[in-house]
Amino acid sequence: MKASGANQSFDAIVIGAGHNGLTAAATLAKRGKKVLVLERSESIGGMAKTSEIAPGVRGPRMAHLLYNLNPRVASELNLESRGLRAAAEDLATVSLSPDGRHVVIAGTEARFSDGGVHPDAEAFSSLTQRMLRYGALIAPLFTRTPPRLAGGGLSPANLFERAQLGKLGVDLRRMGKSEMREFLRVVLSNVCDLILDRIPDGPLAGAMAADAVLGAWAGPKSPGTVLMLMYRLAQGGARRLPAGGMGAVTDALADAARAHGAEIRTGVGVESVLIDGDRMRGVALPGGGSATAPLLLSSLDPMSTLKLVGPEHFDIEACRRIRSIRAKGTAAKINIALSAAPKFKGLDDALARARIVIAPSVSYIERAFNPAKYGELPTEPMIEAVIPSLSDPSLCHDGIHVLSAIVQYAPYDLKGGWSAPAREKLAQTSLALLERFAPGITDLVTTTEVLSPADIERDTGARGGHWHHAEMAIDQMMMLRPANGMGRYATGIPGLYLCGAGAHPGGDVTGTAGRNAAIQSLRNGASP
Amino acid sequence: MPDNARYDAIVTGAGHNGLTTACYLAKAGLKVLVVEKNDWIGGAAVSRELHDGWIYSNCSYVCSLLRPEIVRDLDLPRHGLQVIPYEGGANFTSDGDYFAYYADHDALRREIARHSKRDVDAYERYSRLVLRQCRFIRPLLLRTPPDPVSLHPRDLQELLYLIRRFHDLGEREMGETIRFWTLSVGEFLEEHFESELIRASFAGSGIIGTGLGVYSPGTAYVLLHHYMGEVDGSIGSWGFARGGMGAISNALASALKEAGGEIRTGSGIDRFLTKEGKVTGVVLDDGDEFEAPLVASNMDVKRTFLNHVNPSELPDEFVAAVKRFKIRGSSGKLNIALDALPEFPAAPPDAPFLKGDLHCSVSLAELERAYDDWKEGRWSADPYFDMLISTRTDPTMAPPGKHMMTMFIQYAPYELELGGKRAPENWDKAREAFADTVLDKVERISPGIRDLIVHKEVRSPWDLEREVGLTEGNIFQGELTFDQLLFNRPVPGYAQYRSPIKGLYLVGSSAHPGGGVMAAPGANAAREILRDVNMLAPHSKWSRAA
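First to last, the protein sequences are chains G and L.
Under the numbering used here, the first residue of the first sequence is numbered -16, with each subsequent residue one higher.
Under the numbering used here, the first residue of the second sequence is numbered 18, with each subsequent residue one higher.
Simulated from the structure, these hints should not be mistaken for laboratory data.
Watch out, some of these pointers could steer you wrong.
Covered by chain G, per the in silico footprint, the following chain L stretches (three or more residues, Cβ under 8 Å) [unchecked claim]:
(1) 194 to 205
(2) 231 to 243
(3) 498 to 510
Listed next, the stretches of chain L that the computed footprint assigns to chain G, with coverage defined by at least 3 CB atoms under 8 Å from CB atoms of chain G [as the list claims (entries may be wrong)]:
(4) 334 to 348
(5) 383 to 393
In silico DSS-like cross-links for lysine-lysine, where the CA-CA straight-line distance does not exceed 27 Å [to be verified]:
(6) L:K519 to G:K160
(7) L:K134 to G:K290
(8) L:K54 to L:K438
(9) G:K160 to L:K54
(10) G:K328 to G:K408
(11) G:K160 to G:K290
(12) L:K519 to L:K292
(13) L:K392 to G:K311
(14) G:K160 to L:K295
(15) L:K392 to L:K438
(16) G:K160 to G:K150
(17) L:K473 to L:K446
(18) L:K419 to L:K343
(19) L:K392 to G:K160
(20) G:K398 to G:K408
(21) G:K290 to G:K408
(22) L:K392 to L:K340
(23) L:K392 to G:K398
(24) L:K473 to L:K419
(25) L:K48 to L:K292
(26) L:K54 to L:K343
Cβ atoms here follow ideal geometry from the backbone N, Cα and C, with glycine treated the same way.
Put together the whole structure using the sequences plus the hints.
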C-alpha cells in the first residue's frame, strides 16, 4: 500500500513524531481528520524518548521530567487510560550544598535535608506562592493561540481572543493594586534580583534560579528570566516521573493518534514539500511516492522547516526573520548507567529519589553561564539530575541504576567543536562534581552517554540542539514566536503550519503548540 | 523665623534637573531657593578648572539629549548656552584599521562598504528602525507616566494615549517595538550586521552607564537614550556645550536668577522638615533652616528618602521599594590634560572623525567579557571607553596649543574587589592601576600618548558618589531596565514625581524618563508641582502633555 510512486491523499500531514507532532496529529484525528505522521528516525518520541543506555538499562534519553503537560491535552486524549502513569508524583527538589546542609524543596515549603528549619523558608514560600499566582494569571496566554496585536477584523474568533486579552487585564486588576504593581514591575525583570531581594544567596536561591534558566541561553542576571520562571510555574510547577520514562508520554500520544485513525510512519523522512503555485499541496516521500493534503503541520524547528520547504517559497522578509531566530542550545544531557544505587552525603533513600540540583548559589549559575557566551565549557556546571530507576524499577534490573543529568552550560557552538575529547571532558567535569556530593559514584559507572547540543541537533534535527527549538526570550515569545508576523502557527504559505516548540508557547513537554496549531489549522484551513 | 528664610519652594541640589525645576517654578511666579552642598553648581553637568588653564567637564561630557522644548521655554541660548555639534567618531582595531562614523550619509555608506558590502543595506534598515523607535519614544519623554492601576481620569486618559499611540504603529511595527524593547543590543546588532567591528562600534551606546552587558535583554532600548538626542534639530547628533557641560548649568542658573530665583551653595541638606505627613522645609548641614510648603529633591531616590527623611514618616513598603531600587555604579572617568594633540597613526591626518568619540572595542565578546569582570567586582581588564578630545571642537577648554581629553570607561564597579574583600574604599589603593589599564589600551591606538599627559583626574564610581552625590556614582540615578522605567520609575505608584510626603517631590533622573542630561524629569516634575498648586500655565507647550 506504500508502493513507490503511489500517491495517497490525507486531510492533514504532520512532520515529526515528537510530543508536539503527535499531539497535533491526535487532535486532528480526534476531530475526524485523516492524518498521516511522518517520522524520519526509526522510533517515535523526538526529545521525549526512553532509550537503552546499556543492555537492559533503560532511561530517559533527553527530557527526563514531566511538568507543564497541558491538562487539556491529557484529558482530551485521555492519556491516563492510555498508560501514562506517574512512577513518582510531585517530585521534591534537593539543592545540594557544599557544606552538606542540603536544602529540600517540596512545593512552596523549604527545609534542610537534616530536617532543620530553613531561616528563609517563609520568604521562599511567599515568593513562590506569588510566582505561582502570576503563573496562573498568565497561564491562559500560554495555553491559547496568542491574540493578534491589531487587525483581524471582527471575526468571532478574533473578538474572542481580544476578550481573553481584556480578561487578563481584569484578572490583573482583581489581584489588587499592590499585587498588580508588583507584577508589572517584575514581569520583564531578571530572576537574580527577584530572588536576592528577598532571599540571601545560597542553595535555596540557586535552586529557584535554576528553574528559570534550565534550557536557556541566559543566566540568572539576564532580564526576562522571571517570565521564564512564571512559564515553568504556569501549571503549578509539579514535577512527575512518568512510569517507563518520558517515552511513555509520546507512546500514549501515539496510541491516542492511532486510536483515532491516524497513520504513523517511522523511518520515513520527507524528501521535499510539494508547492504548487504558492500553495502547499503535500510532501514527496522517499522512493518516488508522495502524499497530498490541504494541511501540512511541521513540528520541526522553524529554520529546518524553512530549509525543507525551500526559502524560495517564503517572502524575503520572512526568510530574514526565520534566519535570525536565536536557537543556541546550552543544555547537554548525560545518561549514566550505575552498577548500584549511588549514596549522596546527607541524603536518605527517600531524598535520593528526588530531583537533585547542583546550583549552590545564584552567582554560581551566572558563573557557569559566562564561558558559554564565548563557546567555552564551565569548570563548574549547573546540574539537574534524577535517578528514575529508584522510583521506577521497570527501567533496569538486578540492582543496576540509571542517573539522568542535564548539564548547563554546554554551548552548541563550542570552540573546536564537539569532538570526542570535548564530550569526554564534559563527562569528567560533571562526574567530578557529582563525586563531591556522592563519594564513590565514579566507581559505580558502567556506561556514560553524553549528548551535547550538537548530538541533540543530529538526533532530533532541532536547530542548535535547543530544547525549545528557539530561545525562550521575550522577543521570541507570544505573538513574536517564532518570529514577528508568524506568531499564530501560520507560516504565510497557504496550508503550511508550525506545530513544534518553535511555535507559541514554546518548549517543555506540554503538547500545547501541537494542540493549538491543529485547532488553528482547522480554523484557517488552507488560507494563508 | 525671618521672612528671608521663607520660600514658596525649595529645590535641594543644583544639578541640571533641579535648576530646571527651579526655573519653571520661578517663571510661574513662585519664590524659589535652590540649595547645593558643593561650592559650585551643576551637579554632574559642570566645567571645572582642576589644572591651571584646563577646564574639565569632569562628569557628563557631551550634550545631545537636552530637550529642545526646554531650551526654548527657558531661552537658554540667550543665557549663554551654545552647543557645537561634532561629526561622527571612530572605532579603532589593534591592527591599524578602524571603522569611522560620519554624519555625512554617503561617506558613511562608503565606510561601511569598506568593511562589508552587505552591511550597507543592513545599515539603512537598522537606522530606519532606530529612528522609528526614537520618534515613538521622544514624545513620551515630556509626559508624566500614567499609573496603570489608578482609575483617575487623567491616568486612564494618559494610558489610553499610550495604547492608541502603540496601536497606531500597526501590527507589524507593534511587534518590532516589543522586540526592540526586549532585545539585547548585541543580538539586535548581530541580526542586522555581519561585520563584527561595526557591531562592536554601535554596541557601546547600549551599555554606557548601565550594569548590563551587550547580551543582556533590554539593552537595545538603552541604545535609544543615546540616539534620542537632538542638536539644532538634527536628531541623533551630538555636540559640545561651549565652555564645557557647566555651560548648561550656568545658563539655567542665569535663567533662574532672571526669574527671581536664588541659589545658595556650600551647604547641603541635613534633613527635610515634615509635619503631619506634609513637608514644611529643610535644615541644612550648617544648621540654617528654610521654610517652604513645596520641596523638590534633585537627589536620587535612595539618597532622598533613606538619608534625609525620617523613616517613620514613610510607609514601610515604600521604604522597602526604595531600598530595592537598583542604582549600580558601573562606570569610571579619566579627565586628561594634554601637552599636545595625540596622534592616531591609523587615521588619515586631520580626519574629521578624530573630532568625535573614539573607541577601541573590536567585538561583542570583548564587550561582554568586560561586563563579566564587573560582575565579579573587578574593573574590566579590557575595558570599553568613549574618548573625546573636546578641545578639537572647543579650544576654550585648554591653553592655546594644548588639549583636553575626556574618557568615559565601562565597566568599573562601585564595590571594588581587592584581596578577597569588596568595598568602595578599595578604590583609594587602586585608582592608578585602573588608569593604567585604560591608558595601556589607549596606547594601542595612540602610541606615546602617555608622554603628553600634563595632568589627569581619575574618577571611580565611589568618587562620583562622594563629590556629586550620585548613589554608587550611577550616571542615570538608577538602572534603565524595564522594572525601573515609565510607571515603575522609581517606585510603582510613585512614578508621577510625588512622594508619600505631601509637598515633597522627586525631580532628578531617578524619576521618569531617567538619565542623560535631558532635563526632562525636572521639567515634568515642575509641571506636576504647578498642577498641585493650580498654577499650571495653560499656554506653555509642554504643559498640555498629560
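A quick look at each hint next to the structure:
1. 194 to 205: It holds, with 5 qualifying residues against the three required.
2. 231 to 243: Contact hint for the stretch 231 to 243 of chain L vs chain G: holds, 4 residues under 8 Å.
3. 498 to 510: n = 7 at 8 Å, threshold three: holds.
4. 334 to 348: holds (count 3)
5. 383 to 393: holds (count 4)
6. L:K519 to G:K160: 21 Å, holds
7. L:K134 to G:K290: Cα-Cα ~25 Å, so holds.
8. L:K54 to L:K438: 31 Å, violated
9. G:K160 to L:K54: Answer violated: G:K160 to L:K54 is near 38 Å, above 27 Å.
10. G:K328 to G:K408: Cα-Cα ~25 Å, so holds.
11. G:K160 to G:K290: Violated, because 49 Å separates the two Cα atoms, which is more than 27 Å.
12. L:K519 to L:K292: With a Cα-Cα distance of about 10 Å, the restraint between L:K519 and L:K292 holds, given a limit of 27 Å.
13. L:K392 to G:K311: 23 Å, holds
14. G:K160 to L:K295: Distance of about 24 Å is within 27 Å: holds.
15. L:K392 to L:K438: Holds - the C-alpha atoms of L:K438 and L:K392 are around 14 Å apart, at most 27 Å.
16. G:K160 to G:K150: Holds, at about 16 Å.
17. L:K473 to L:K446: Holds: L:K473 and L:K446 sit about 17 Å apart, inside 27 Å.
18. L:K419 to L:K343: Distance of about 40 Å is beyond 27 Å: violated.
19. L:K392 to G:K160: 34 Å, violated
20. G:K398 to G:K408: 13 Å, holds
21. G:K290 to G:K408: 33 Å, violated
22. L:K392 to L:K340: Distance ~20 Å between L:K392 and L:K340 Cα, so the pair holds.
23. L:K392 to G:K398: 24 Å, holds
24. L:K473 to L:K419: The given pair, whose Cα atoms are some 14 Å apart, holds under the 27 Å limit.
25. L:K48 to L:K292: OK: L:K48 and L:K292 at ~21 Å, within 27 Å.
26. L:K54 to L:K343: With Cα atoms ~24 Å apart, L:K54 and L:K343 stay inside 27 Å; holds.
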